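Engineer: In the order they appear, the protein sequences are chains A and B.
Each residue of the first sequence is one higher than the last, beginning at 9 in this note's numbering.
Each residue of the second sequence is one higher than the last, beginning at 23 in this note's numbering.
Because the hints were derived from the structure by calculation, they are not lab data.
Values in this document were obtained by computation on a predicted structure and should not be read as measured data.
Just so it is clear, CB atoms sit at the ideal spot from N, CA and C, and this is done for glycine as well.
There is no bait here: all hints are sound.
Residues from chain B that face chain A, not an exhaustive set, calculated with beta carbons under 10 Å:
1) Gly61
2) Pro269
3) Arg307
Below 25 Å or equal to it, Euclidean Cα-Cα: the simulated SDA-like pairs (lysine to any residue) are:
4) A:Lys274 with B:Leu285
5) B:Lys41 with A:Arg104
6) A:Lys179 with B:Glu277
7) B:Lys212 with B:Thr291
8) A:Lys179 with B:Lys280
9) B:Lys227 with B:Gly171
10) B:Lys293 with A:Ser267
11) B:Lys293 with A:Asp268
12) B:Lys263 with B:Thr291
13) A:Lys246 with A:His214
14) B:Lys227 with A:Gly262
15) A:Lys275 with B:Arg306
16) A:Lys135 with B:Ser197
17) A:Lys114 with A:Asn143
18) A:Lys274 with B:Arg287
19) A:Lys260 with B:Arg284
20) A:Lys275 with B:Arg307
21) B:Lys263 with A:Ile270
22) A:Lys197 with A:Ser86
23) A:Lys241 with B:Glu209
24) B:Lys212 with B:Glu24
25) A:Lys78 with A:Asn115
26) B:Lys108 with B:Lys215
27) A:Lys246 with B:Gln213
28) B:Lys280 with A:Leu259
29) B:Lys293 with B:Glu277
30) A:Lys179 with B:Phe113
31) B:Lys157 with B:Lys219
32) A:Lys78 with A:Gly25
33) B:Lys41 with B:Gln87
34) B:Lys95 with B:His80
35) A:Lys260 with A:Asp229
36) B:Lys212 with B:Gln119
37) A:Lys197 with A:Asp229
38) A:Lys275 with B:Met273
39) B:Lys293 with A:Leu240
40) A:Lys274 with B:Leu276
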Amino acid sequence: MSSFLSLENISFVYPNGHSALEDVTMHIEKGERVAIIGQNGAGKTTAAKLMNGLNKPTTGDVWIDGWNTKEYTTAQISRKVGYVFQNPDDQIFHHRVYDEIAFGPKNLKLSEQEIEKNVHEAAEMVKIRDLLEENPYDLPLSIRKFVTTASVIAMNPQVIILDEPTAGQDKMGLETLANVIDQLVEQEKTVITITHDMEFVASNFHRTMVMAHRNKIADGDTKEIFWNHAILKEAGVKPPYISRLSQSLGLKEGILEISDFIEQIKKEKRG
Amino acid sequence: MEPIIEIRNLTYRYPTADKNIFTNLSLTIHRGELCSIIGPNGAGKTTLCNVIRGFIPHFYKGDFQGNVTIDGKNTKDLTIGELALKIGFVFQNPFTQISGVADTVFEEVSFGLENMGVEASKIRERVEEVLALTKIESLRDRNPFELSGGQLQRVALASIIVMEPEILVIDEPTSQLDPEGTEEVFEIIKQMKEKKKTIVLVEHKMELIAEYSDHIVLIDDGKIVLEGSCEEVLTNEQVLKHGTLLPQFAMLGLEMNKQGMRLGRIPVTEKQARDEITAFLEYRRRVTDV
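Between the sequences and the hints, there should be enough to build the whole structure, so can you do that?
Structural biologist: So this is what it looks like as structure tokens:
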């Protein structure tokens, strides 16, 4: 059975001989939201770059919406899969926010009207509509990251990969980001987020994949993942603060967020 | 405690800006304290760091009124060089800070002392000491540009610490690091605190701020809107209205209170949360048993 996005027994070895992934399989459906967690060097970003065709597998196949990425160029695949880099400065190269966001749609040979529409909708979604005339380099890093997010959204890909989207974001940035993910998923887009921010995972993703030592070591319900001590230990990942607290108090398993915690405290009362 | 950084009635406007970023801002930071500056992005946190280290008004011109003194000396009257000896500044992005002229981590960490004209044998001694303190001995012969972000941030911290400034200004040191890298950076900050350095820290990770800070300053739109100890500021719901998060433990305590489950106090750290909730559960058990 083939999924909308699948990695089938993928291995990836960099040209210098460094092996980054070994026999990894992932299946992700249309309209799904998935978090990928794990330490640096575990293979998260390599996996993401296989999904958008920046990397082609050494062995195995990557399928996107019926395409085998080996048979298409990165430019062709980028119409289907958009990747927002961890560091926005690896991505930005225009001196006007509007031009930066319009670059992708222009390359897709969309009409002037469509380009303008896509740019405005994307800017609206990430709440930078007032900044379209600014120079991206005059904006703080946290906002530059939203510029690059809009650039990818404006190309209207079916899959969007966000690499460390919460880094350096304040409360409003985090809220905007959660809202962007909700809207994308409502539009039947697939959103894959690579992150170290476990609170963000707990409140925005039901499905989490854990990567460690070039492998996917777990894939499932976020609640179960964050209470699977063996997996977390193997991956070198700590659960969200509230899960850690619940654990040290000996509360029931599966607590991730403040609301879960309070529900459980209420039950303890009755019990 | 004796004041070390004093800002009095500071009004500042960037050269091309059409309004002031600060108007009549005053702040006192005491010797040996860890003062965290929190607030939404764009509030003026980095500008305040630049005021403290004298980069404003020495490098950024603009309209500057009021007085900023470090150890009683006005920053206007000190040179950038004199200020740099007193105040070490660690950049948000270590790639911006790394000199680019050193082939190894050892040379990079030596760079500041060489510029200060410290004798070679003394440099070696101090660099060795700091490499050990920041746990980067194993990286000594590596090229700084081949390190991971977390490793490079530790090199950046070591390069500043080695000059033994009395004050450290650290602007969002962990925003681009993974949890392990973040912990390593905070381990170094903790050691600097034990050495009684005065530390000014800008950081978004509120649970870590709650763990280490003595003094919290919340700024929003260029104004200090709340100031005090962790317990005073980080339990105050007003912080949320200023676009800033509270530690998860405080959010939990506030929510429990709202739902009629009163804790002795609103916790800000994991340990406080564990103690308060344990006491709460025990109390309730006793009440139910009777």
